[in-house]
Amino acid sequence: KAGVTQTPRYLIKTRGQQVTLSCSPISGHRSVSWYQQTPGQGLQFLFEYFSETQRNKGNFPGRFSGRQFSNSRSEMNVSTLELGDSALYLCASSLGLAGGDTDTQYFGPGTRLTVL
Amino acid sequence: GNSVTQMEGPVTLSEEAFLTINCTYTATGYPSLFWYVQYPGEGLQLLLKATKADDKGSNKGFEATYRKETTSFHLEKGSVQVSDSAVYFCALRKLGNFNKFYFGSGTKLNVKP
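Top to bottom, those sequences are chains A and B.
Using our numbering, you'd call the opening residue of the first sequence number 1 and step up by one each time.
Using our numbering, you'd call the opening residue of the second sequence number 1 and step up by one each time.
Be careful, since some hints might not be right.
[Stated by the list, open to error] Below are the DSS-like pairs computed for lysine-lysine, each with C-alpha atoms no more than 30 Å apart in a straight line:
1. A:57 <-> B:108
2. B:108 <-> B:94
3. A:57 <-> B:100
4. B:68 <-> A:13
5. A:57 <-> B:94
6. B:108 <-> B:56
7. A:57 <-> B:52
8. A:57 <-> B:68
Rather than coming from a laboratory, the hints here were simulated on the basis of the structure.
Computed from a predicted structure; not experimentally measured.
Okay, chain A solo, but in the shape it has when bound (with noise of 0.2 Å):
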């Protein structure tokens, strides 16, 4: 089966814009995670949603935010880009079980965003 897909695989973006990144899951998985990974803080949570609700949040400004939609395709959204946002941003996704000891994450190629 297809796996995790992430739209854009690449980006370049300048200082105050906002970008809009796109994950699309493993069919029939209802978790979808985002992690910014960076040589310096290396990779970090940023937010986990489940059936279009957010149920984890990592320690991240507010102006990152996401969504997931009906179909469990989730986006992420970066306002008033830094230059420290530079990073590879992961999107993983899971069946989302309630306890999830035994649920296993899938993981995308990443969206590359370079913040000029």
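Assemble chain B onto chain A, guided by the hints.
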């Protein structure tokens, strides 16, 4: 708080050498522990996991044992191949926290032929 600490890389080994990548964690309660691998230009793939103390996760010749007494989950492989060259991430997830993962900084492994 919750955190994962991994050994600094890169780790450079010759083919067929023994691999150990150290991982220790700090967490309240009883987390599940994971190793993920990232090949160049790709997303992360689950390599193995363990959900309770003394569990051993294994996959593709890699193994890691959940040691509660030392709060560790070291990754080992008896004989590495060039194709194992990648970045390896240790991670934890707390029970009931759904998919909120805490990742280590990653360890790059280079295997020379």
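These are the hints, each one checked on the structure:
no.	hint	in the structure
1	A:57 <-> B:108	holds (28 Å)
2	B:108 <-> B:94	holds (25 Å)
3	A:57 <-> B:100	holds (8 Å)
4	B:68 <-> A:13	violated (45 Å)
5	A:57 <-> B:94	holds (14 Å)
6	B:108 <-> B:56	holds (23 Å)
7	A:57 <-> B:52	holds (25 Å)
8	A:57 <-> B:68	holds (27 Å)
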